[in-house]
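Quick note, the sequences are listed as chains A and B, same order. Take the first sequence: its position 62, counted from the start at 1, is 62 in the UniProt record's numbering, and no numbers get skipped. Take the second sequence: its position 33, counted from the start at 1, is 33 in the UniProt record's numbering, and no numbers get skipped.
No lab work stands behind these hints, which were simulated from the structure alone. Take the hints with a grain of salt, since some may be wrong.
Unchecked claim - To give an idea of the chain B side of the interface with chain A (calculated C-beta under 10 Å), a few residues:
(1) 7
(2) 8
(3) 38
(4) 49
(5) 52
(6) 53
To be verified - Chain A stretches covered by chain B per the calculated footprint, using a threshold of three residues with CB under 8 Å from any CB of chain B:
(7) 28-34
(8) 166-174
(9) 190-204
(10) 217-224
C-beta atoms are modelled at their ideal positions from N, C-alpha and C, and glycine is treated no differently.
One-letter residues, chain by chain:
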Amino acid sequence: MPEHIINFNDVTKKYFRQTALKNVSFTLPRGKIIGLVGPNGSGKSTIIKLTAGLARPSSGRVTVNGKEANRMLASEVAYLSESDFLYPFFTVAETMNFYAGMFTDFDAGKAREILNFMQLEPDKKVKNLSKGNRGRLKILLVLARKAPLVLMDEPLSGLDPLVRESIIKSLLSYVDLGDQTVVMSTHEVAEVEPLLDSVVAVQNGEVRGIAGVDNIRSMHGQNLVGWMKQIMTG
Amino acid sequence: MDQPFNNTQPIYLQIIQRLCHQVVRGELKAGDKLPSMRELSLQVGVNPNTVQRVYTELERLDITETRRGLGTFVTGNEARLRQLREEMMSEQINSFIKDMKGMGFTPAEIIEGICKSLE
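Excised from the complex, chain A in its bound form (with noise of 0.2 Å):
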């Protein structure tokens, strides 16, 4: 097995005239959380589209499990996406089959469990939850999987703090750092923080550091917010 589950070489992602990525670089090891921190537009997102092969880099090479990132990784790699998904005409539980049916590493049980913990419930329209309800039911349908590598884009954007410390408590209790990676990107960077094994801080399409998190706070001083505006610009 490759020691790092992702790589980028010397990737550039353009869409158009516009650079989303600007010759990046860096490898990340497994079995970590890893936050993919920085401001909008900085290409956090392009980072993760392409590590779940749902966009292809205009140079460089991304490989993930060594293997090139494209959509066949979908069995190696749990995606959840920014923007909503879920079929607003499906159940909570038909979605769940759904996915069931899409993914041979789906664990029903996990599923149930989660479900439960969740408190959500099973025969409601996806149309009819609540934003915090569907960014729960997010969570579940990639934390039911076993794929080695969940990538997560901003998966606490725009909900409650009750919510978000359901998600946060989900994760730390189904995800299993024996056998999988987590990446997600975040602007909740203080409520992330001690998740966080590692933090890779991207802005204008670069990446301008990446480090452990108990480094930062050991050999800085400071905490993620705080070695973030340093080494940030502007």
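Guided by the hints, dock chain B onto chain A, whose structure is given.
Chain B in isolation, oriented as in the chain A frame:
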């Protein structure tokens, strides 16, 4: 989840301190079982790898011992626990004295101040 962590020390160190406080206060006694790593990570809301670092360090300090398949337990070694109590006391006292001296108090003033407050 407990009170929030301070911003300057690594979180794993702060968790270690909290657990040592519990041991010294007697909330955790010799031979008591600590929560499992996953339980503690949930209770405190931190990364399981952080908890692993905490437990590894506590074991290295001989404050806890891990019994395979059973979990992690506070050491039964009373002498070690007494030593921990003394270590924590002198750490607090030294930190306090440093602050007080930093403000310009003399040793005599410091002692007088303490006696007064303890009355």
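To see whether the hints hold, each was checked on the structure:
1. Hint status for residue 7/B relative to chain A: holds, with the closest Cβ pair at about 4 Å, below 10 Å.
2. Interface restraint check: residue 8/B against chain A, minimum CB-CB distance 5 Å, threshold 10 Å, status holds.
3. With a cut of 10 Å, the hint placing residue 38/B at the interface with chain A holds, because the nearest CB-to-CB distance is about 7 Å.
4. Contact between residue 49/B and chain A, as hinted, is supported at the beta carbon level, the nearest pair being about 5 Å apart and thus within 10 Å.
5. Interface restraint check: residue 52/B against chain A, minimum CB-CB distance 9 Å, threshold 10 Å, status holds.
6. With a cut of 10 Å, the hint placing residue 53/B at the interface with chain A holds, because the nearest CB-to-CB distance is about 8 Å.
7. Coverage of a stretch by a chain is defined here by at least three residues with a beta carbon nearer than 8 Å to that chain's beta carbons; for the region 28-34 of chain A and chain B the count is 3, and the condition holds.
8. Interface restraint, the region 166-174 of chain A with chain B: holds (4 residues with C-beta to C-beta distance below 8 Å; minimum three).
9. Proximity of the region 190-204 of chain A to chain B, defined as three or more residues with a beta carbon under 8 Å from a beta carbon of that chain, is established by the 5 residues found.
10. Only residues whose beta carbon comes within less than 8 Å of a beta carbon in chain B count, and the region 217-224 of chain A has 5; three or more means the coverage holds.
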